[in-house]
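Visitor: With the hints as your guide, set chain B onto chain A.
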Amino acid sequence: MKFFISLLLMMLLSFTACLFMEWWSIAIACFIIAALIRQRPGIAFITGFLALFLLWGGLSYWISDNNNHLLAHKVSVIILKKDNPEMLILITATIGAIVGGFAALTGSLLRPYRAAE
Amino acid sequence: MRIFFFILTAAVTVTLVYFLNISLKIGGAQAPAFGKFLSPQHGFWQNAEADDADFSADLHFPQLSGKVEVYLDKRLVPHVFAENENDVYFVQGYLHAKFRLWQMELQTLAAAGRASEIVGDIALNHDREFRRLGMVYGAENSLKQMEANETVKNECDAYTAGVNAYIDQLPDCKLPIEYKLLGYKPEHWSNLKTALFLKYMSYDLAAHENDFEMTNAQAFFNPADFKLLFPSIQDSLDPIIPKGTAYSKPKIPLNIPATADSLYFKKDTVTAIPVSKPNKANGSNNWAVSASKTKNGAPILCNDPHLGLNLPSLWIEMQLSTPTFNAYGASFPGAPSIIIGYNDDCAFGFTNGGRDVRDYFEITFKDDTRQEYWFNNEWKKTDFRIETIKVKGKPDVLDTVAYTIFGPVMYDKSFGGKRISSQKNYAVKWTAHAESNELLMFNMLNHAHNYNDYQQAVQNLHTPGQNCIFACKNGDIAIRTQGEFPAKWNGQGDFIMPGTDSSYMWQYMIPMDETPFQYNPERGFVSSANQRPADSAYPYYLGRDYPSPRGFYINRKLASMNNITPQDMEDLQTNNYNVFGEMAAPVLIKNINIQALNADEKSFYDLLKDWNFYNEKDSKAATVFVVTWQHFLDTVYADEYKNAPQPIAYPMNSTLLEAVLKDTAYKFLDDINTATKESLADMATIAFKTAVKELVIARAEGKLEWSKYKDTHVNHLLKKIAPFNREHLDIGGGTNVINATTSDHGPSWRMVVSLTEKTEAYGVYPGGQSGNPGSKYYDNFINDWVQGKYYTLWMMTKSETRDPKVKWKMTFSKG
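Protein chains in written order, with the working numbering: chain A, 1 to 117; chain B, 118 to 932.
Any given hint might turn out to be false.
[Claimed, not checked] Straight-line C-alpha distance at most 25 Å; calculated DSS-like pairs for lysine-lysine:
no., chain 1, residue 1, chain 2, residue 2
1, B, K836, A, K82
2, B, K836, A, K81
3, B, K893, A, K82
4, B, K412, B, K906
5, B, K837, A, K82
6, B, K590, B, K410
7, B, K820, B, K810
8, B, K837, A, K81
9, B, K893, A, K81
10, B, K836, B, K507
11, A, K82, B, K142
12, B, K837, B, K142
Derived by calculation from the structure, the hints in this document are not laboratory data. The model shown is predicted, which means the values in this text are computed figures rather than measured ones.
Next comes chain A alone, as it looks inside the complex (with noise of 0.2 Å):
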């Protein structure tokens, strides 16, 4: 229950984060919610990167497919070097998860983790 409410949670505050600030507020905001709502750090470092991986996978998903992914075939041409729309928002999905997990993982290690709570 506990990982499916950070999970949610991570990705609202993500997403209401990068509305007003910088993209790297994906990091405050799975930081703050991993210290607040403490879990195991490797799951805390799981609901991190799967929190992003699903919101930037799944923004840049739909982005792309109401483009008919018109853009990604031309900027993945120039990152990936090969017409790749779908690898490229697979990056885009790991690049956030690998911020959110290691975020929510300094996060959940801020207060030390008592099995019994």
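Guide: Same frame as chain A, but now just chain B:
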């Protein structure tokens, strides 16, 4: 232990964020900051415009005085309806920025010699050249006159305010993708930027000169040979103003300097190194046919300016409508008004005049400090303009440019612009340095009702000089070879001129009332295709390197046509007939020695022999001709040019053709390195055999068809971002063809306007209304342009707001 892990993971997170937030150099190229660039809420994904994007909006700006309604049609052409003129220009500026902000800024930065700020020191040479040419100096001078005129000042102020209103509300996430890729942000627009944009057009269209190359050619060849290689008039010339037109003597006589023969037409060489030259092909076609020649009894005006083909396009289509004027056509992102188009009464267009308005004078400084230079028997003080060039990632570069009575010293020992290397100093005199107000011309043309208005309007055009064409619903047609041109004596400015006294200076500008023009001529049409404006009867020197064939063919076609429809005019604009080939191919066919050819060579010869002279996209024969002729020209002159100084001018294709048509024993045919005397047949055969070697390679690569050999592309302005380019376009045409589409150059806007009671107009350009590579409107016109298709241009009226062609509505109101 936990604290240790906390610090460790915190450090990892911060490091990750740090490296994702800076631009890294990957594989030699600067990559964007990946975190920001890939973030779906900040980066490039935000530029991926939805297929069904909604462009409707309700906007409020305190700068407006009334309400402005903008109706966007399905091609994303804005039809702007404003209650007053300031508001219409405000919204035009806003819309230009909305669709083309990055390009507008890049072009003006390039014009101002500031490209290094964006791309680093690879652009330093460009920046120095532009500043030393006096681009900013010229723009500042023009701006003075623009702002001294109330109409143009108001127009520019409103336009600038509109651009800035867009920039000010633009969140970083919505910046054009190029800013995100290169990592910078737009600065505010200004009237000076508009002036700089216009100077950029002057650079593109009126900076063509061959002074160093011609000086070397004159020094290298003896006078008789020089005259043969560089005749001042082509036999095939059919000038814009027909032969036989009478001209009065100049009101003011020109003084030829006493030293011209000893000092100017003399043997001297500019020490120099090889260069790459800018595209010389910037040209265009325009013509207007009178009511007597059209099927519906209304004049038709046609124009297709040939320019470098880029994405985003140089042009954006638009309708501007106020109670005082209503104009439709192509506009320049970067400047107010419609540039080539029509209003409710008349239509207007341009081709490049191509006259030489940029000359060089050799300056003698007293010493290396350049503080004083010798002029009219005394040492005169130099002015200095210190140019500070900001360079991305590097310290500023300072360039101190000396200004003389002639203009800035462009080339000296510190800067040869990859063109010359010399210890000498050359000042450049260019009409674009002078005060001028071209925007007033466009403003007046947008408002014009009749011939008189047009005549008044075009007199404001100084640089770049243009052949201004006009047609009116009352039946008038006209063309004026307009611009500010120095009155030159024969040969003045062909070569570098002595700058130690005033005797070689331009003496005065040709008075406007001596401009060659045609108004309702008996032949029923007016036309221009960058050929010489007038024949040798014109009392001023016009220079010598105008292309003749296109104009010759257009006039031949127009003279034979009657009952003309707009469709006929579209067919003519997209006509692929190579009239130069018609004249030149028979010379090759007749003189190539068939006996000397092997079977494969013979098969190429047969292709050439059966050519119908059309540069159609699938024609193999057109490729054979073009390649063979190029080798013919090279073969004929290679021996004479072998030891020539560089850079040096080469004869034009038509010079060689006319020479061998007149004289099969043309002296340059002989290879001076052999004991035997080569004939025309020998040269044609040698050239053909070399050409075949190239053609065999093209055939092996599957590139023998003309469009594949020519390989037309429309590149994004940054050129190196391949996915933003449109490449390998299957289109015919070429040099000397009305459809003047070469590899990267061609008809940048095709327009046909039939001035019937309700104007019937057609047009297309190789691009799209949006400058965003992530929009389907980025390049959606290109396929139709390639196929020679046109769109119906819709001069919308206020009563048509419910027309199904209207897709979106933007409302701009005060507040």
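Visitor: With reference to the structure, classify each hint as holding or not holding.
Guide: Okay, the hints, checked on the actual structure:
Taken as a hint, the B:K836 and A:K82 pair is honoured in the structure, with Cα atoms around 18 Å apart against an allowance of 25 Å. Only pairs whose Cα atoms come within 25 Å are accepted, and B:K836 paired with A:K81 is accepted, the gap being roughly 16 Å. Taking the CA atoms of B:K893 and A:K82, the gap is near 21 Å; set against the 25 Å cutoff, the hint holds. A distance of roughly 21 Å separates the Cα atoms of B:K412 and B:K906; the hinted pair therefore holds under the 25 Å criterion.
This hinted pair checks out: B:K837 and A:K82 have alpha carbons roughly 16 Å apart, not beyond 25 Å. A distance of roughly 14 Å separates the Cα atoms of B:K590 and B:K410; the hinted pair therefore holds under the 25 Å criterion. Between the alpha carbons of B:K820 and B:K810 the distance comes to roughly 14 Å, so the proposed pair stays at or under 25 Å and holds. With a C-alpha separation of about 13 Å, the suggested pair B:K837 and A:K81 falls inside the 25 Å cut-off, and the hint holds.
Of the pairs offered as hints, the one joining B:K893 and A:K81 holds, with about 22 Å between alpha carbons and a cut-off of 25 Å not exceeded. For the suggested pair B:K836 and B:K507, the alpha carbons sit about 22 Å apart, so the restraint of at most 25 Å is met. Taking the CA atoms of A:K82 and B:K142, the gap is near 19 Å; set against the 25 Å cutoff, the hint holds. About 16 Å separates the Cα atoms of B:K837 and B:K142, which keeps this hinted pair within 25 Å; it holds.
Hint violations for this structure: none, all hints satisfied.
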